[in-house]
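Chemist: Sequence:
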Amino acid sequence: MKLTNKFVSSALLASAIVISGCATKKAPAPIVKIEQPKLTIAREVPQSTKLNAEYIYTLKVTNNSDYKIDDAVVRENLPSNFDVIKVNPPTEERGRVLIWNLGIMVPGQTEIITITGKSTTVGKINYSGSSTASFNMKPMLVFTEIVSPELAASATGPEEVLVGETFPVSVLVKNTGTSTITGITLPVNFPDGIATANGEKQINLSAEDLKVGQSTVIPLELTASKRGKYVNEFVVASADGVKAKAVYSVVAKQPKLDFKASVPAVRYVGNSITYKLEVQNTGNGQARKFEANLALPAELEFVSANEGGKFENDAVIWDFKDFLPNETKTFTAKVISNEIRLIKATAQVSANNAEAQRIPLSTDVQGIPAISIDLSDVNDPIALGEIEDYSIKISNQGSLAATNLVVTCLLEDSMQAVKASGGQVDTAISDPMKLVFKPISSLGVNQTITLHAFIKAVKPGDTRFTVSVICDQLERPVSRNESTTFYKE
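Quick note on the numbering used here: the sequence shown kicks off at 1 and runs consecutively.
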């Protein structure tokens with residue numbers, strides 16, 4: 001079945017009386033004339049269908065007048081090549097005519113009649129001129145009505161709003177008089193600090209005509225640009241000068257974020273670095289969708305964060321739905337740097353309706369050498385006259401290379417230095433109780449050097465061989481000693 005054709009197949013007229021004009025000293029008395037309100041029938045039929053295929057067409061009967069119509073009757077003359085299967089509402093069929101008694105129809109009322117049937121021949125079914133309608137009307141009264149146009153207005157909206165957020169205001173306009181009101185307008189000059197969501201300070205809106213008892217709502221979307229209490233006056237006017245005023249008051253509040261952040265200026269490789277963010281809402285409004293953010297450089301090891309902070313994309317984020325006035329929060333996050341570097345971070349707090357605050361932070365991550373000495377004797381005990389081999393292993397277990405290392409061996413009077421290996425002996429030092437190696441230029445992180453000192457036993461006893469190491473980065477030397485027994489055969 002194809003698209004439906006729609007057309008008005010017939011229109012009927014009924015009499016009505018309309019009063020126009022008024023009597024004055026210079027004008028004649030009111031004229032009474034007869035006008036004809038319309039009763040129409042619109043038919044909707046399919047554009048095409050198949051032979052013997054069941055289909056539906058409709059009749060829409062409408063009272064288009066301003067008056068009630070009594071005893072409305074519709075007659076539908078059926079096309080000769082159309083067989084009826086059923087109708088709704090049900091009615092009787094007289095020959096090839098269907099008749100419906102619709103009764104009273106008020107102004108604007110529509111009755112829909114559906115007819116189901118099928119075609120009996122190939123070709124066209126002609127419905128043209130096949131519907132008629134009739135009705136009766138009660139006796140009509142003629143009168144003149146004295147009317148009083150009146151308007152009432154009211155405005156509603158939230159009592160409190162936040163600066164920068166859009167809030168709705170509704171102006172309700174109602175016709176409380178006894179006649180239709182036309183040409184309704186609402187010109188508004190907003191107080192300083194209030195504007196529409198589009199930034200307009202002045203607007204001029206209009207509304208549809210209102211019949212007696214009808215009302216309409218004029219919606220507004222407003223925003224406040226600063227804190228304060230605002231009184232908004234809305235004066236509604238009509239074309240004939242009728243006015244009504246509505247007053248709406250609102251308090252605009254605003255949060256303010258008081259923010260400070262800190263971090264140690266110096267830390268060492270492998271030590272935890274603690275960031276501290278402290279924020280207080282010192283304003284008088286809620287900070288909605290509050291977020292604290294600590295942006296960090298890459299390749300830091302995240303350790304922990306309080307208050308549910310999450311580490312994502314090299315940043316620690318704390319978020320809250322609302323941050324109330326006078327509320328204080330403290331956020332902490334810990335990270336570790338495993339290399340020497342200058343860490344530059346940025347701490348920030350923000351909310352939908354508060355000015356964001358940002359603080360740059362920096363920490364100098366330094367390294368230190370950690371010198372350890374592993375000292376051992378190869379033979380213990382030894383007889384007088386024999387030579388002991390002292391193995392000296394020096395390691396840097398820290399995070400920074402050690403430079404200009406000086407290794408000094410301290411002898412007791414029972415010992416005599418013979419020679420050394422692994423490094424060059426500083427021959428400029430003539431003290432017989434010292435064996436000093438020339439400075440080692442550098443010992444890198446996790447590097448180890450091994451030196452040997454060969455010492456002759458010259459006196460018996462429980463002896464101590466001592467080694468000390470000093471470098472540019474140390475204020476005091478690192479020392480170790482080894483116990484060896486010298487005996488006389």
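Source of the hints: derived by calculation from the structure; they are not laboratory data.
Here the structure is a predicted model, which means the values were calculated and not measured.
Just to be clear, a hint being listed does not mean it is correct.
Keeping only pairs whose Cα atoms sit at most 30 Å apart, straight-line, the calculated DSSO-like set for lysine-lysine is [stated by the list, open to error]:
1) Lys289 to Lys310
2) Lys276 to Lys243
3) Lys321 to Lys276
4) Lys344 to Lys434
5) Lys434 to Lys393
6) Lys289 to Lys276
7) Lys256 to Lys393
8) Lys329 to Lys289
9) Lys253 to Lys211
DEER-style ranges, computed between Cβ atoms [what the hints assert, rightly or not]:
10) Lys243 to Glu307: 32 to 40 Å
11) Asp319 to Pro187: 41 to 49 Å
12) Asn198 to Thr328: 14 to 22 Å
13) Gly164 to Val247: 39 to 47 Å
14) Val212 to Pro187: 22 to 30 Å
Heads up, the beta-carbon is just placed ideally off N, CA and C, and yes, glycines get one too.
Chemist: Next, verify each hint and record whether it holds.
Modeler: Verification of the supplied hints:
Taken as a hint, the Lys289 and Lys310 pair is honoured in the structure, with Cα atoms around 16 Å apart against an allowance of 30 Å. Under the criterion of a C-alpha separation no larger than 30 Å, the hint pairing Lys276 with Lys243 is inconsistent with the structure, at around 61 Å. For a cut-off of 30 Å, the pair hint linking Lys321 to Lys276 stands: about 21 Å separates their Cα positions. Between Lys344 and Lys434 the CA atoms are separated by roughly 48 Å; this puts the pair beyond 30 Å, and the hint is violated.
A C-alpha spacing of about 18 Å is found between Lys434 and Lys393, which places the hinted pair at or below 30 Å, so the restraint holds. Distance hint between Lys289 and Lys276 is fulfilled; the C-alpha atoms sit about 21 Å from each other, no more than 30 Å. With a C-alpha separation of about 62 Å, the suggested pairing of Lys256 with Lys393 is violated against the 30 Å cut-off. The straight-line distance between the Cα atoms of Lys329 and Lys289 is roughly 15 Å, inside the 30 Å bound, and the hint therefore holds.
The hinted pair formed by Lys253 and Lys211 fails the criterion: a straight-line CA distance of about 40 Å is larger than 30 Å. Between Lys243 and Glu307 the CB atoms are about 56 Å apart, so this pair departs from the stated range of 32 to 40 Å. The hinted window of 41 to 49 Å between Asp319 and Pro187 holds, with their beta carbons roughly 43 Å apart. Between Asn198 and Thr328 the beta carbon distance is about 37 Å. The supplied range of 14 to 22 Å is therefore violated.
One distance hint, 39 to 47 Å for the beta-carbon pair Gly164 and Val247, is violated here, with the actual separation near 24 Å. Our hint of 22 to 30 Å for Val212 and Pro187 holds, since their Cβ atoms are close to 25 Å apart.
Consistency with the previously given hints fails for numbers 2, 4, 7, 9, 10, 12 and 13, ordered from lowest to highest.
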